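Engineer: Each chain is listed here by its residues.
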Amino acid sequence: MTARGELIGAILLLGALALGPAVFPAVGQPFLVDLAHRLIIVGIAAVSLNLILGYGGMVSFGHMVFFGIGAYAVGIPAYYDDYSAFSHLVALLAAAGAFALITGAMSLRTKGVHFIMITMAFAQMAYFLVVSMEEYGADDGLILYGRSEVPGFDLGDDTVLYYVCLTCLILAIFAVHRIVGSRFGMVLQGARSNDRRMQAMGFPTFRYRLVAYVIAALICALAGFLEANRNEFISPDMMDWTRSGELIFMVVLGGTGRLFGPLFGVTAFILLEEYLEVLLDVISPGLGVYWHLPFGLLLILVVLFVRGGISGLMGPARA
Amino acid sequence: MDLALFVTQTLNGLQLGVLLFLVAAGLTLIFGIMDFINLAHGAFYMLGAYFCGTVLALTDSFLLGLLIALPLTAAAGYIAEVTIARSLYTRDHLDHVLATFGLILVLDTAVHWFWGAEGMAVPSPSWLSGQVGLFGAELPTYRVAIVAVGLMVAAGLYLMVAHTRLGMLIRAGAANRTMVQALGIDIQKLFAVVFAIGAAMAGLAGMMIAPITEASIGMGNEIIIVAFVVIIIGGIGSIKGAFIGALIVGVIDTMGRSYLDQLLKLVMSEQFAETAAPALSAMLIYIIMAAILVVRPQGLFPPRTR
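Residue numbers (this note's numbering), protein chains in the order written: chain A, 1 to 319; chain B, 1 to 306.
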């Protein structure tokens, strides 16, 4: 169960995100809305990674490939002037689902460091495939000239899209909450703690893991779908291996296997990314470009000294 | 097929292979002995290139650059082991990946700070600027020298691991860490030494490639991923595996890029082959790695004992 401090923190954070589009422009900080919007979308991706990494013990080092697939499921149909959200989502389900099912079935035959590396290898394959697709902009990416069209909704309106994203984030957290508490989630967590024992008890843990892997992939692809709509620009950079590394960091920073952990991790990461540079420039003009240096040091220090991430600081998980 | 082109491409493949070996050897030693994933190993490759380039600019001597940059890179590896890696051996792989990911950011930015964002052009030594003729191909002497140096280091490493006391400890450490410690060996010191040797070898690869590609900030991050592919293919912890894996990856990657389109044209339309070949050749080594992981997860030449 979730610690009380963690729950309160999450409600405050989600409340701030919900009020954001009304409050931020009113206090003269309209660009914060965009920041919050990005935070929500990356948050969805982090929540999905937490399902397999935190609860399932699967350290996927190529999770952002599904983010990229989701984005290209919008971009490629849009390139052929098909802006219907229905086509985009069908493309997303087919592409991300098939990729997750096939690569997951192969990756999950391996364990430990081999799993980390094989997920990275599959992500690299997809990355290089996209980079070599000259038709769809290759390295330079694609600019979209519109957003997915949903009957009855105007996603072209930034505020509407914002609340759609926020709803997706809350639904994703709720879905993970339900999955983790279900029999399926118990088997998944049991397999993380002691795979051999679960198998001895008669659970085909491979299948449970694979299903979790596909679910997480589809949620992450949904985040990519939303990001393509928000930014109206997609590029292979979204699925670079360093992006997957950053996503793992966000989940660990927030606290692995904690329901709201990814949310805190993403918030801390995005605020640091945004303000560390500004802060350094205040200390000494021109210093801002080197913001990766304190950022990297912080990463190392977090790994060395902060066990359990931000959620861990808010109180221990109750069994 | 044009024989001269084939010979040139083989040399290029071997050159990539030995450079990969120099990086992968340290990676596989560190992983084999300490069970530690070092994503930042590529940073030593980059540091080597910058150290060597700086000394070269000051002294105008490539040899002096190598001689001074090698101990400097080894020292950087030693410091990284003592300050960061040492406290992480007992943690899980996820923590290794994250901490060394942070170390990459730190070292990349430090290089940016000291040497600027632009790459650093490193002139190749004039005494290696000629060409060597072989089977009708004119091969640049410098590239031949890289392959020769790489093979010599590989042979030296083999001799060290197989026939010296340090090598014996390394093999023993890879087989059973706890037992080595119980026999009264200072395992901490052994780890630090292995880390420094690994860093120096990666640095050497960076120094030798710098005159061809120039020293740049992202260079380590490109090679480290391929080096991981090499040690997975070869079998983690095995130096022999790293050597053979590196040559396989180096040659297949180079050959794939130059001949895959012709090969594909035999089985599919010309137009399709031309679009598919670049994508497929970039993915080739990852496809091989995934296939090997599925069929033989322990790699081609896994170390005998774990």
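Hints may contain errors.
To be verified - Below are the EDC-like pairs computed for lysine to aspartate or glutamate, each with C-alpha atoms no more than 16 Å apart in a straight line: (1) Lys111(A) to Asp186(B); (2) Lys111(A) to Asp195(A); (3) Lys111(A) to Asp92(B).
It is worth saying that the hints were derived from the structure and are not from the lab.
Only a predicted model underlies this, so the values are computations on that prediction, with no experimental measurement involved.
Engineer: Look at each hint and say if it fits the structure.
Structural biologist: These are the hints, each one checked on the structure:
1. Lys111(A) to Asp186(B): Violated, at roughly 31 Å.
2. Lys111(A) to Asp195(A): Between Lys111(A) and Asp195(A) the Cα gap is close to 11 Å, so the pair holds against 16 Å.
3. Lys111(A) to Asp92(B): holds, 13 Å
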